[in-house]
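Q: Listed below are the residues making up each chain.
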Amino acid sequence: MKEKSPSAKEVLIKGALIHNPILIQCAGLCPVVAAATSLKNAALLAAAVSLTTIFTCVFASALLKKIQRWIRMGIYLILGTAVIFPLIFLLESQSKSELSLVLKIFLPLIAVNSATAVHCEQFSVKNTVKLAFYDAVAVSIGSSAVLLICGAVREIIGYSSIAGHRLNIPTTFRSAALPFGCFIILGFLAAILKWISAYRYPNLVADSETIVRVKPKKDEIKDTVEVEVFDEFWNEEPEEAPLEIDEYDEIFDSLDNIFDFSGEEDEK
Amino acid sequence: MKIAYDLLLTALYAVFVQNMVMSFGLGSSEAIRASSKPGRFISLAAMISGFSVATSVICKLIDMFISSIGFSYAVRVAIYGGVLAGVYFVSAFFAIVLFKASKRTMGTLGISALNTLVLAVPFINNTASYSFADSIGSGIGSGIAFVLAAALINRGARRLAENKDIPAVFKGTPAMFIYVGILSLAFSGFADSTLFS
Chain A
1 MKEKSPSAKE VLIKGALIHN PILIQCAGLC PVVAAATSLK NAALLAAAVS
51 LTTIFTCVFA SALLKKIQRW IRMGIYLILG TAVIFPLIFL LESQSKSELS
101 LVLKIFLPLI AVNSATAVHC EQFSVKNTVK LAFYDAVAVS IGSSAVLLIC
151 GAVREIIGYS SIAGHRLNIP TTFRSAALPF GCFIILGFLA AILKWISAYR
201 YPNLVADSET IVRVKPKKDE IKDTVEVEVF DEFWNEEPEE APLEIDEYDE
251 IFDSLDNIFD FSGEEDEK
Chain B
269 MKIAYDLLLT ALYAVFVQNM VMSFGLGSSE AIRASSKPGR FISLAAMISG
319 FSVATSVICK LIDMFISSIG FSYAVRVAIY GGVLAGVYFV SAFFAIVLFK
369 ASKRTMGTLG ISALNTLVLA VPFINNTASY SFADSIGSGI GSGIAFVLAA
419 ALINRGARRL AENKDIPAVF KGTPAMFIYV GILSLAFSGF ADSTLFS
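If you read the sequences in order, they're chains A and B. All the letters of the first sequence, read from the start, carry residue numbers 1 to 268 under our numbering. All the letters of the second sequence, read from the start, carry residue numbers 269 to 465 under our numbering.
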C-alpha cells in the first residue's frame, strides 16, 4: 500500500536531528572519534563524509534496488573508495609535504563508513532517488554538524586553539583529543539532542515510537529512549523485492532494540 | 621461531596495548552494535581477523611491488579498498556456493568487511612498516580486539539498562557513549597517554 510521501522538510529534520546518524544511530563513529581532533580536520572529514554519503545513497537508489544485499555491500565499499580516491589525489597533489596521519589512515576509512551503508540499506534502496537524495543530504548535515562541533570543542579543550589560532587558556585537557574525550563529548551532545528533539519536535519524536519513546506528559521528558539504533542492518533482512514504501516512518517502525539485553539472542 | 614470536607480540599489542577499537575508535560503531549480540562474537572475531589477515597479506605483497614503482598514496588507497572489496566478494561467493551460508552468516560477513577496523589494518601496517609476520599478527589481533571491546561494552550495557538512576535524557545512547569513553580512558592508560599539560 502506497501512502503519502513525507515532505522534504520532514525527511531533513528526521535524518539530521531525530535520527542523527552519529548521536542517535551510533553509525559512522570512527571519523569523529579517531580523527576529528581539530576544526580543520573535522571540516575535511565532513566534506568527505557528505560526498560519499550523497553519491552512494543516490547511486544505490537509482541502480541497486534489484541487486542482492550481499552484492550491494561490496558495491558500497567500491563506491566509497571511488569517491575518496580523487579527493586524496587532489589533496596529495596540492600538499607540499607528506600527508598527515589523518589523511593517510583515517580519510580512506570513510570509504567503509557504516552510516552510509546503513542509510543505503534502510532508506535508499527502498525509496525514490529524490527521497534518497534528501535523506543523504540530511545524514550529511547531521554527521557534518557533529564532526564540526566535536572538532572545535576538542581543539579548544585539548590544544587551546581554534582553527589554528591560539587561545589563552592556561590549562589544556589533552585527553579531549583522545577517543576517550570524544566519547564523553558525544554522550553530552546526544543528551542535548534528545532534549531538543523531544521539546522542539514532539510530534516527529512521538511518531518514531520505536526509536525514541516519549510519554505524553506535558513539559516533561519521561522514559525517553529505549531504542536508538538501526537494528535491521544487523538482522537478517529477507531478500524480498524492492519495497514500494515511500513513508519514512514505516521503515523506522520496523527497527528493533539494539540495546535489548533481555537475554534473547537474534531471531532465527 | 622469531616469526611466531613477532606475530604473537604484534597480536597482543593490537589487543591490549593499542586496542584498535578502544584506543583509536576504529570499528567502534560496529562494536557497540555487536555488543548486544554475544552469540555472534566468535564468528565476528573469526571473520574480522580473516578479512584483516587476507587484506593485509595481499596489500603487503602489492606494497612491495608498487613501492619500487613509486605510485602516489591515492593509488594505494584505491588498491587497498579494491583488495578488501575483492576479498569480500570471493569470501561471499565461496560462502554461498560451497557452504550454502545462511542469511545471518552473510549479514555478519558483510558487516565484518564493511568495517573501518578491517580497512585500517593494511594502512597501519604500511605506516608502521610492519613485516609479514607483524601484518598477520595485527590482523589476528584486530579481530580479538574487536570482540574484547564488544564484550566489555556488553557487560556495561547490561548494567546501564538495569540502572534506574540515570537521568531520562541520558538513557540509551548518551549513557552508552559515556561508558565507552570511560572504557577508552582505561585503554589510554595502557598506551601511556598524557591527559593534562
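Hints listed in this document are in silico derivations from the structure and should not be mistaken for laboratory results. Keep in mind that this is a model prediction, so the values were computed, not measured. Take the hints with a grain of salt, since some may be wrong.
[To be verified] Below, in silico cross-link-like pairs of lysine-lysine (DSS-like), each with a Cα-Cα straight-line distance of 25 Å or less:
1) Lys305/B with Lys432/B
2) Lys368/B with Lys328/B
3) Lys270/B with Lys104/A
4) Lys126/A with Lys371/B
5) Lys104/A with Lys9/A
6) Lys104/A with Lys40/A
7) Lys371/B with Lys65/A
8) Lys328/B with Lys66/A
9) Lys66/A with Lys368/B
10) Lys368/B with Lys305/B
11) Lys66/A with Lys130/A
12) Lys65/A with Lys368/B
13) Lys66/A with Lys104/A
14) Lys65/A with Lys104/A
[Unchecked claim] Not close to chain B: a few residues of chain A, all C-beta gaps over 10 Å, as computed:
15) Ala27
16) Lys40
17) Ala47
18) Arg69
19) Ser175
[Stated by the list, open to error] Among the chain B residues that face chain A by a calculated CB cut under 10 Å, a handful are:
20) Ala401
21) Ala419
22) Met444
C-beta: ideal position from N, C-alpha, C; glycine also.
Q: Which constraints among the numbered hints does this structure fail? Numbers only, ascending.
A: Violated hints: 2, 3, 5, 8, 13, 14, 15, 18, 19, 20, 21; rest satisfied.
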